[in-house]
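Chemist: Residue-level listing of the chains:
Number of protein chains: 2
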Amino acid sequence: MSGLQIWQKNELPKVESQIEGFIHTHTANEQLKESMLYSINAGGKRIRPLLVLATVEAFGQTATQQTYQIAAALEMVHTYSLIHDDLPAMDNDDLRRGKATNHIVFGDALAILAGDALLTGAFELVAETELAADKKNQLLQLLAKSAGANGMVAGQVYDIQSEQKSLTFTELAALHQKKTGALIRFAVVSGGVLTDQDEQVLSKLDDFATHLGLAFQIRDDLLDELATTEQMGKKTKKDDAAGKNTYPVLLGMEKAKSALCAELTQARNILKSLSFNDFNPTLLLEMIKLFELERGNQ
Amino acid sequence: MSGLQIWQKNELPKVESQIEGFIHTHTANEQLKESMLYSINAGGKRIRPLLVLATVEAFGQTATQQTYQIAAALEMVHTYSLIHDDLPAMDNDDLRRGKATNHIVFGDALAILAGDALLTGAFELVAETELAADKKNQLLQLLAKSAGANGMVAGQVYDIQSEQKSLTFTELAALHQKKTGALIRFAVVSGGVLTDQDEQVLSKLDDFATHLGLAFQIRDDLLDELATTEQMGKKTKKDDAAGKNTYPVLLGMEKAKSALCAELTQARNILKSLSFNDFNPTLLLEMIKLFELERGNQ
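As you go down the protein sequences, you meet chains A and B in turn.
Quick note, in my numbering, the first sequence goes up one by one and the last residue is 298.
Quick note, in my numbering, the second sequence goes up one by one and the last residue is 298.
Just chain A, same shape as in the assembly (with noise of 0.2 Å):
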């Protein structure tokens, strides 16, 4: 195993306990609890709160149960994002990762309740965190505007409405800043947050994560432009069947490879210019690799 994922299994349990702590102890309903337990366990890669982490410890400081409730809070609302995106009603999908979605086990009602719980439990947990005020403050003021109708809800409107019209690179950039890339830019942020980053530092990790997002998406498409139903576990191609702006799409699989390396080295170059004293990028530049092609779907 290699040294972050050494790192992740290490981690990520500790993360995962507060979002199951908080959901045992935060929920009157057994049906509802199970339905919310089955999208947060349904395997997910966990991308944001690594982040998160890994942010925290670039700037030389070890994760408390803090910085594991302010990724479990991230991971909570990335997780009813996809619940109430699968919905009949929105992307209509039976398959996530291999499982089925939480509409079709628990059906449509209690998956957008699950939903709406999960996006409400995420700020009751961030409340809840033994943070200064002042610093919880920022971080719910930043997560509701990373998740809300100027971030990823707007980003979600974006792609609903875009559907079976053709849009340009710069469109579907900023279609993506706000449907994938605000949580990411949060979970990088809050790292810098937590840590009680200045301004400028902020400023910079938000540009890193911007290039992040990005690439994050483009990797995405092409992998579901490579991939078969049976690797990706869910349906692929589907994209192209709803008519959907994708990169490769629009900008063919080789000039959509060059935008993904493109946008990873402008990612790498932040980071570079980050290189103050204790500043140990190590784990982020591990986890830039995560989001080059040839790692594949891991």
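Simulated from the structure, these hints should not be mistaken for lab results.
Remember, it's a predicted structure, so these values are computed and weren't measured experimentally.
Honestly, I wouldn't trust all of these hints.
For identical chains, the list gives no copy identity; a pair is met inside one copy or between any two copies.
[Said to hold, decoys possible] Below are the SDA-like pairs computed for lysine to any residue, each with C-alpha atoms no more than 25 Å apart in a straight line:
| hint | residue 1 | residue 2 |
| --- | --- | --- |
| 1 | K204 | E128 |
| 2 | K33 | A174 |
| 3 | K33 | E171 |
| 4 | K244 | A28 |
| 5 | K244 | D93 |
| 6 | K165 | I104 |
| 7 | K244 | A174 |
Following the hints, position chain B against chain A.
Modeler: Chain B alone, transformed into the frame defined by chain A:
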């Protein structure tokens, strides 16, 4: 006009302009904005924000911008819950307050997302409010707790689960304590938090609001039984048809009326027990009258 009506007419626009201002400045997409504003302006009675303001005034304080913002956030949470509850996957209501429901006008996908955006926006609005950070956190935590998997969302799940199943009075009351009671309790208790009341007073406010919340639901059930579709602006006798548990079905009309009266008497008695210096519950007592059956559908 009564004193309450004059006060309402003066104060409600201040809450509404906070909501509208927030949505206008925090929403990236025009159609999403339109969908959110449609449901916000669909003609609700604004009971919850009025309770926040009336409680603040009862403690001898004047409502400030921060009060209006907390009241606005609460109404946003309430509105999100109505949009999601009306969805075909949930209660499948085409009409609310005499107007087409959100998903009828904007489609299911945008209705789900407008709800998500209003919920997320409510937390963003509280986080942005210029209050002391610890008070803001207390309100945020309380709002999330009231709205989430131990509060309103759990109540909605119980409601779905109890269809075609007979509940006892205690079970029905427990359901409504979560489904509608939780936000009404937040309304009153947040007024106490905003005016720096101690734990003992907050606990009494919580009791007061608990009785008010039950009265609210019993009255709603009674009106549904009595009124016609035209008068109510939504389908009635529908609860009956769907095999839903209501107080009139469970207790009969007369006992349900007595139960409503008993809840309001207990609410009044708690207000009397709070009669220390500077406490002036005039507006709250006027608001209790809104929960009486004789006031009809206003």
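Chemist: Now tell me if each hint is right for this structure.
Modeler: A quick look at each hint next to the structure:
1. K204 with E128: Cα proximity of K204 and E128: across copies only (23 Å, versus 29 Å in one copy).
2. K33 with A174: between (35 Å within a copy, 18 Å between copies)
3. K33 with E171: between (38 Å within a copy, 20 Å between copies)
4. K244 with A28: For K244 and A28, the Cα distance is within 25 Å only across copies (21 Å; inside one copy 40 Å).
5. K244 with D93: within (15 Å within a copy, 31 Å between copies)
6. K165 with I104: between (29 Å within a copy, 24 Å between copies)
7. K244 with A174: Close inside one copy (15 Å), not across copies (46 Å); limit 25 Å.
Violated hints: none; the structure is consistent with every hint.
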